[in-house]
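Engineer: Okay, here's what each chain looks like letter by letter:
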Amino acid sequence: MNQILTILPPMLRRILAGVSSEQLKKIEEIRLREARALQMETNEGSYFLTDSGKLTQDFRMAYIVSKEDCRQLINMLTQHSLYSFEEEIKHGYITVAGGHRVGIAGEIITQNGKVKQMKHISCFNIRFAKPIHHVSHPLLPYLRDHVQATVYNTLIISPPRHGKTTLLRDLARTLSNGNNGQGMQTGLKVGIVDERSEIGACVKGIPTFDVGARTDVLDRCPKAEGMMMLIRSMSPEVLIVDEIGRKEDVDALFEALHAGIRMIATIHGNQINQVQKRLCFHHPLMGEFFERYVLLKREATKLQFRVYDQKGNLLKSLLQKKESDFDAPIIR
Amino acid sequence: MLQLFGSVFILFSSTMIGFSQAARIHARTSQLRLCIHAMQRLQTEVTYGLTPLPEALQHISKVIPSPPLANMFYDISMMLSEEGTSTQECWLYGISKHWRKTAMKKAEKEILERLGSTLGLSDQDNQLKHIQLAVQQLQMEEEHARANQMRLSKMWRSLGILTGLLVTIILL
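Protein chains in written order, with my numbering: chain A, 1 to 332; chain B, 1 to 172.
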């Protein structure tokens with residue numbers, strides 16, 4: 001939270017300073033749209049922000065984001081260097097220190113039908129990343145492969161913003177550290193291919209989130225290529241990747257399988273068979289690849305896990321009260 | 001006695017002025033050279049390393065062996081890391097603050113200022129073009145300066161001595 005505040009334009013920082021710390025804790029997204037109302041999403045709902053930092057439901061009362069605000073924000077996001085963030089801008093988001101992701105939208109310039117660049121960037125979605133330690137602990141007994149002393153190939157399924165990455169990060173940390181009271185004494189060598197730089201939020205190659213003592217992170221690397229690189233170079237026992245779904249990713253998964261490496265991956269979706277069908281489209285054997293499926297669902301303050309086995313039978317349904325063990329943000 | 005002392009003083013100071021002007025001309029060529037090196041380094045940082053501007057300028061300020069230029073790049077990089085100001089503002093401010101301490105002239109100042117209006121605002125290829133253009137222009141200035149260097153510095157030196165002599169003769 002503090003890191004994200006330093007990149008905000010002075011005007012917005014002033015406005016946020018007027019928001020009560022109680023409310024700040026609940027912020028999940030801050031949305032800027034040039035010449036339109038300043039908006040934020042909390043876990044309780046959507047609000048607009050007035051000049052003085054008051055929450056309102058009426059967008060006519062809200063602070064109108066100026067062109068200058070947007071310019072300053074993009075300057076701070078890219079450190080005055082659009083050229084070094086070309087790839088990120090093409091993909092539509094920039095990850096800043098602390099693992100927070102800023103989604104951007106503007107006018108797209110295409111070349112041969114492909115996205116080449118974005119200009120007039122005018123919409124921003126600042127999403128806050130919050131590490132929640134131990135969130136994966138209740139899940140762990142169902143993912144462990146006792147025979148081989150490792151974990152099952154696991155696919156985590158959830159719609160966007162339900163905590164996939166948070167769960168994945170904590171799984172990496174727990175598996176890698178070992179000795180966690182969940183029966184796994186020695187940790188496993190974990191390799192993370194962090195294409196969006198969200199799991200580890202690396203700054204100059206060093207993860208800013210705790211991803212565990214035996215974890216190697218390949219930052220900002222395309223997944224398929226990254227998986228192969230890690231398999232060859234770092235001999236991981238567990239590979240962790242975020243948001244698989246393309247053909248290349250699936251091919252790399254099978255390569256990992258042949259190398260005897262276990263995979264933990266995430267995918268967008270909300271039903272198992274729907275996801276399985278999508279994966280089978282790329283490879284007929286995909287339906288049997290994952291031995292465990294975890295379906296994530298988040299309600300206001302609760303987190304629901306449903307663990308399924310290879311065939312899609314429900315093993316366990318867990319309900320966890322979502323604890324917010326991150327500190328209240330301090331506005332400077 | 002006093003006359004003799006005075007004339008020696010005048011002669012000495014005007015000679016010194018001449019010499020210092022000649023030294024400035026030498027300094028200008030060498031600083032132009034360094035400026036070109038700095039821009040070439042920036043080019044590598046931008047295209048190969050994709051280093052963000054503040055960091056790239058900081059690297060440059062560490063390796064450039066001329067204090068006024070090093071301070072200039074350092075100040076720009078520091079200012080870029082703070083919030084609020086645009087890239088161009090930082091760039092122009094840094095240049096105007098330190099330019100007096102360098103031996104360089106208006107022509108190269110304009111080249112650098114022009115570069116500042118595009119720096120960081122576009123993709124790699126475009127950046128490369130702008131930096132290369134600046135390098136070329138600086139190189140032309142350098143060639144020009146080098147060609148005239150000998151002639152001009154000799155002229156300033158003799159001019160200094162001769163003016164001193166002239167003034168002493170008139171006053172005597």
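Calculated from the structure, these hints are not laboratory results.
Keep in mind that this is a model prediction, so the values were computed, not measured.
Just to be clear, a hint being listed does not mean it is correct.
[Said to hold, decoys possible] Okay, derived cross-link-like pairs now, EDC-like style, lysine to aspartate or glutamate, Cα gap no bigger than 16 Å in a straight line: (1) A/K116 / B/D125; (2) A/K204 / B/D125; (3) A/K130 / A/E29; (4) A/K116 / B/D123; (5) A/K119 / B/D123; (6) A/K54 / A/E41.
Engineer: Indicate, hint by hint, whether the structure satisfies it.
Structural biologist: Hints and how they fare:
Of the supplied pair hints, the one linking A/K116 and B/D125 holds, its CA atoms being roughly 12 Å apart against a limit of 16 Å. Between A/K204 and B/D125 the CA atoms are separated by roughly 24 Å; this puts the pair beyond 16 Å, and the hint is violated. Taken as a hint, the A/K130 and A/E29 pair is honoured in the structure, with Cα atoms around 12 Å apart against an allowance of 16 Å. The hinted pair formed by A/K116 and B/D123 meets the criterion: a straight-line CA distance of about 10 Å does not exceed 16 Å.
At roughly 11 Å between alpha-carbon atoms, A/K119 and B/D123 fall within 16 Å of each other, so this suggested pair holds. Pair hint A/K54 plus A/E41 holds up; C-alpha atoms about 14 Å apart against a cutoff of 16 Å.
Checked against the numbered hints given earlier, this structure breaks only hint 2.
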